[in-house]
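Engineer: Take a look at the letters that make up each chain.
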Amino acid sequence: MNKYEIHTFGLASLSLLLTTLVQAQPLDGRDIALKMHAADSSLDGRRDATMLIERGDQRLVRKLAMLNKKYGADEKTLTRFVEPADVRDTQYLSWSYDATDKDDDLWVFFPSENLVRRISGGGKKGSFMRSDFANEDMEQRVVDDDTHTLLEETTLDGKEVYLIESTPIAAKARDTNYSKRKTWIDKKTWLALQVEYFDRRGRLLKRLKQGGIEQIDDIWTATKLIMETPRKKSRTLMQYTNVQYNVDLVDSVFQQSSLKR
Amino acid sequence: MAIGICPTYITAETASDPFAFDLSAIEKPKETWQWSGFVQSRTQKFMSRHGWLSKELLAHLELKGNHRQWRSFVSIDARHDRAKRSYRDAWQSELHEAYLLYDGEHADISIGKQRVAWGVADGVSTIDRLNAVDLRDPIGNARTASRRPSWLIRLEQNTVFGTLEAAWLPQGKDRTLPEFNSPWESPGLHSLRSQAQAGDIELSIADPKKSEGGLRYLYYGQGIDWSLAYFNGYSDGPVYSVREGNRITLMPRRSHTYNAAVAFGLARSTLRAEIAYTPDAMRENQRSRLWQAVAGWDRSFDDNLYANVQLFWNHHEIGGDEHGLTYAVSRPFFDDAVTAGLRGQFANDRQMALETYFDYDYDDQLKIGGKLVAFDGAKDSPLGTFRDNDYMEISLRWEF
Chain A
5 MNKYEIHTFG LASLSLLLTT LVQAQPLDGR DIALKMHAAD SSLDGRRDAT
55 MLIERGDQRL VRKLAMLNKK YGADEKTLTR FVEPADVRDT QYLSWSYDAT
105 DKDDDLWVFF PSENLVRRIS GGGKKGSFMR SDFANEDMEQ RVVDDDTHTL
155 LEETTLDGKE VYLIESTPIA AKARDTNYSK RKTWIDKKTW LALQVEYFDR
205 RGRLLKRLKQ GGIEQIDDIW TATKLIMETP RKKSRTLMQY TNVQYNVDLV
255 DSVFQQSSLK R
Chain B
2 MAIGICPTYI TAETASDPFA FDLSAIEKPK ETWQWSGFVQ SRTQKFMSRH
52 GWLSKELLAH LELKGNHRQW RSFVSIDARH DRAKRSYRDA WQSELHEAYL
102 LYDGEHADIS IGKQRVAWGV ADGVSTIDRL NAVDLRDPIG NARTASRRPS
152 WLIRLEQNTV FGTLEAAWLP QGKDRTLPEF NSPWESPGLH SLRSQAQAGD
202 IELSIADPKK SEGGLRYLYY GQGIDWSLAY FNGYSDGPVY SVREGNRITL
252 MPRRSHTYNA AVAFGLARST LRAEIAYTPD AMRENQRSRL WQAVAGWDRS
302 FDDNLYANVQ LFWNHHEIGG DEHGLTYAVS RPFFDDAVTA GLRGQFANDR
352 QMALETYFDY DYDDQLKIGG KLVAFDGAKD SPLGTFRDND YMEISLRWEF
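Chains as they are written, first to last, in our numbering: chain A, 5 to 265; chain B, 2 to 401.
Everything labelled a hint here was simulated from the structure, so no lab data went into it. Misleading hints may appear alongside valid ones.
Computed Cβ-Cβ distance ranges for the label pairs, DEER-style [claimed, not checked]:
1. GLU32(B) <-> ASP44(A): 19 to 29 angstroms
2. GLN144(A) <-> PHE359(B): 31 to 41 angstroms
3. SER116(A) <-> ALA84(B): 18 to 28 angstroms
4. ASP44(A) <-> PHE401(B): 53 to 63 angstroms
5. GLN144(A) <-> ARG288(B): 55 to 65 angstroms
6. ASP44(A) <-> ALA338(B): 32 to 42 angstroms
7. GLY371(B) <-> ALA177(A): 53 to 63 angstroms
8. PHE359(B) <-> ILE173(A): 33 to 43 angstroms
9. ASP107(A) <-> ALA338(B): 29 to 39 angstroms
10. VAL251(A) <-> MET393(B): 51 to 61 angstroms
11. GLY371(B) <-> ARG235(A): 26 to 36 angstroms
12. ARG288(B) <-> ASP255(A): 45 to 55 angstroms
13. SER116(A) <-> PHE359(B): 14 to 24 angstroms
Listed next, the in silico PhoX-like pairs over lysine-lysine satisfying Cα-Cα at most 25 angstroms (straight line) [said to hold, decoys possible]:
14. LYS114(B) <-> LYS264(A)
15. LYS368(B) <-> LYS236(A)
16. LYS74(A) <-> LYS128(A)
17. LYS65(B) <-> LYS114(B)
18. LYS65(B) <-> LYS237(A)
19. LYS236(A) <-> LYS128(A)
20. LYS228(A) <-> LYS184(A)
21. LYS191(A) <-> LYS228(A)
22. LYS65(B) <-> LYS264(A)
23. LYS380(B) <-> LYS114(B)
24. LYS128(A) <-> LYS163(A)
25. LYS372(B) <-> LYS56(B)
Glycine included, C-beta positions come from ideal geometry on N, C-alpha and C.
The whole structure should be built from the sequences, with the hints applied where relevant.
Structural biologist: The following block contains the structure:
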């Protein structure tokens with residue numbers, strides 16, 4: 005082995021060692037949150053959603069059609085209400101920005117007046133269509149709006165999971181109903197299998213379970229969700245159907261001029 | 002058509018598999034043709050005088066069609082009023098909207114009878130003029146006038162610089178007048194009609210049925226929307242009178258309005274503003290320049306409390322200015338089953354309209370509503386004209 009070969013061998017060994025060391029570094033809470041956030045690797049997509057709200061003897065049904073498209077870290081979504089009849093064809097268009105200092109843009113379309121109207125992004129803590137979901141639960145939360153701590157690696161329903169605790173950063177604490185969230189994340193699919201939401205006093209407020217997990221267009225997708233509010237003895241079932249990814253939606257779909265009855 | 006919940010929507014939910022439900026069993030609306038509607042009973046009773054304003058049963062039907070890039074929409078109303086009123090037939094039916102829309106990727110065209118709202122302001126708008134105020138039943142709510150869909154052709158062209166929109170009403174707006182002896186009839190019009198009935202004068206009310214239209218350029222962007230608009234058309238009601246001997250003709254008058262509007266998000270609020278200039282408005286039976294401005298703020302708070310306030314100001318070249326504010330505050334309660342709120346307006350000459358209301362969604366089909374509406378102001382002012390029309394309303398609606 006000449007001097008050059010020794011040098012090359014040494015560099016390769018060092019490189020391998022460093023790679024191994026880096027790979028062996030355990031994931032921290034933020035790494036896991038980032039991987040969960042990246043589980044949906046699609047560029048765009050469409051899906052229909054049906055919600056059944058069970059509250060005492062009452063059964064309420066909501067149907068939605070949803071489209072989304074990503075622009076780097078930003079995202080545009082269009083949600084059309086299909087049921088119930090009194091909100092049919094009402095549509096929400098949102099342009100969401102990853103930057104924490106940038107407010108989202110939001111427009112609503114009222115079919116009875118053919119009117120597109122800019123609205124403020126407030127009201128996120130309120131209920132989404134009278135369901136157990138809050139408006140803020142319906143959107144993808146920006147990873148760095150919270151600090152994430154890995155609590156443990158454990159199992160849930162026979163699946164190996166990471167359990168992380170996410171606490172809003174000071175600048176975002178007023179924007180959310182929750183003082184913290186605990187999320188059980190499947191190591192195989194990087195999907196949340198269960199989320200527990202805690203109120204400002206640190207008491208359990210709601211529990212979300214996600215199932216019906218399928219690989220659609222090579223993307224792991226939870227197609228069935230159950231959100232329970234134990235204190236209200238209320239729960240909402242939600243099912244996604246007709247899920248499609250990377251359907252090449254044109255940009256004009258997310259323009260205000262596309263909002264029509 | 003309404004959805005029906007299949008009794009087996011949860012097929013085999015067990016403690017071991019909470020996801021063994023299938024909501025896809027819930028009937029989906031048809032993709033191509035959908036019909037829906039509601040039946041409603043609405044009772045309105047005068048509060049400051051004897052009698053009923055209305056005891057109406059209304060059936061409203063809608064049919065919507067989708068075929069590739071073509072869309073169609075038709076809605077009809079049939080109503081029967083059991084209140085004994087001399088000024089209106091008990092049975093009324095009406096084609097409310099009927100239009101066909103071609104939804105292209107860069108351009109759209111719609112033809113038919115439709116409601117198209119322009120402007121960003123709530124309550125009082127300076128450019129929402131493609132549809133006439135329904136002067137027979139002018140109160141949409143204490144803050145907003147109710148408007149009638151117009152027969153029009155509307156073109157929309159989308160460019161990278163924004164949206165260009167043109168609307169043309171070949172026969173003008175669908176104008177109505179309050180019937181003789183209706184509680185919404187102005188004292189001036191009532192007096193002229195009474196004199197005509199007595200044979201003291203000859204009165205005719207003309208509707209020109211001439212074309213009207215407008216152009217608008219809109220830009221929707223990050224954090225801000227703005228628009229420029231122009232409207233060329235007639236007033237909603239007769240604002241001009243011609244007297245020849247004992248013959249009086251009342252008629253709407255054409256005017257031109259130039260408008261700029263902006264809406265932008267600021268923190269969690271939305272700020273809205275409109276300015277408008279009409280060089281040939283009518284005032285005291287003369288041409289008069291009119292400048293208008295509206296500025297407002299609205300916000301949805303975290304618990305879904307909604308607040309909206311808008312200030313308006315009309316400066317006339319002839320006669321005094323008009324100014325005031327409109328407001329709305331509402332909040333949902335009881336798991337959002339009930340929404341309660343206040344809305345209304347204040348204006349010069351002690352004008353006031355106040356509405357206290359609640360809407361209760363018993364379930365997805367049955368809705369119950371109630372309201373108290375009160376008016377005040379100088380007798381000859383627009384709102385003061387209605388000061389004897391305070392009423393309470395109870396409504397029951399079943400949607401399908």
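Engineer: Could you run down the list of hints and mark each one as holding or not?
Structural biologist: Here is how each hint holds up against the structure:
For GLU32(B) and ASP44(A), the hinted distance range of 19 to 29 angstroms is satisfied, since their beta carbons lie about 26 angstroms from each other. Between GLN144(A) and PHE359(B) the beta carbon distance is about 35 angstroms. The supplied range of 31 to 41 angstroms therefore holds. In this structure, SER116(A) and ALA84(B) meet the distance hint of 18 to 28 angstroms, their C-beta atoms being roughly 26 angstroms apart. The supplied range of 53 to 63 angstroms is broken by ASP44(A) and PHE401(B), whose beta-carbon atoms lie about 37 angstroms from each other.
For the pair GLN144(A) and ARG288(B), the beta carbons lie near 57 angstroms from each other, so the given range of 55 to 65 angstroms is met. Between ASP44(A) and ALA338(B) the CB atoms are about 34 angstroms apart, so this pair conforms to the stated range of 32 to 42 angstroms. Under the hint 53 to 63 angstroms, the C-beta atoms of GLY371(B) and ALA177(A), about 39 angstroms apart, miss the expected range. Taking 33 to 43 angstroms as the suggested C-beta distance range, the pair PHE359(B) and ILE173(A) conforms, at roughly 39 angstroms.
As the Cβ distance of ASP107(A) to ALA338(B) is approximately 30 angstroms, the hint placing it in 29 to 39 angstroms holds. The hinted window of 51 to 61 angstroms between VAL251(A) and MET393(B) holds, with their beta carbons roughly 52 angstroms apart. Taken as a hint, the range 26 to 36 angstroms holds for the pair GLY371(B) and ARG235(A), whose Cβ atoms sit roughly 30 angstroms apart. About 47 angstroms separates the C-beta atoms of ARG288(B) and ASP255(A), a value consistent with the hinted range of 45 to 55 angstroms.
Hint check: SER116(A) to PHE359(B), Cβ distance near 20 angstroms, so the stated range 14 to 24 angstroms holds. Proximity of LYS114(B) to LYS264(A) is assessed by CA-CA distance (about 15 angstroms); at most 25 angstroms being required, the pair is judged to hold. Using a Cα cut-off of 25 angstroms, the hinted pair LYS368(B) and LYS236(A) holds, with the two alpha carbons roughly 23 angstroms apart. Pair hint LYS74(A) plus LYS128(A) holds up; C-alpha atoms about 21 angstroms apart against a cutoff of 25 angstroms.
Restraint check: the Cα-Cα separation between LYS65(B) and LYS114(B) comes to about 14 angstroms, which is no more than 25 angstroms; the hinted pair holds. Using a Cα cut-off of 25 angstroms, the hinted pair LYS65(B) and LYS237(A) is violated, with the two alpha carbons roughly 38 angstroms apart. The suggested pairing of LYS236(A) with LYS128(A) holds, with an alpha-carbon distance near 20 angstroms, which does not exceed 25 angstroms. For the hint pairing LYS228(A) with LYS184(A), the CA-to-CA distance comes to about 23 angstroms; that is within 25 angstroms, so the pair holds.
This hinted pair checks out: LYS191(A) and LYS228(A) have alpha carbons roughly 19 angstroms apart, not beyond 25 angstroms. Note on LYS65(B) and LYS264(A): the hinted pairing holds, with a Cα-Cα distance of about 12 angstroms set against a maximum of 25 angstroms. Between LYS380(B) and LYS114(B) the alpha-carbon distance is near 36 angstroms, which puts this suggested pair outside the 25 angstroms criterion. Restraint check: the Cα-Cα separation between LYS128(A) and LYS163(A) comes to about 32 angstroms, which exceeds 25 angstroms; the hinted pair is violated.
Between the alpha carbons of LYS372(B) and LYS56(B) the distance comes to roughly 15 angstroms, so the proposed pair stays at or under 25 angstroms and holds.
Checked against the numbered hints given earlier, the structure breaks hints 4, 7, 18, 23 and 24 and satisfies all the rest.
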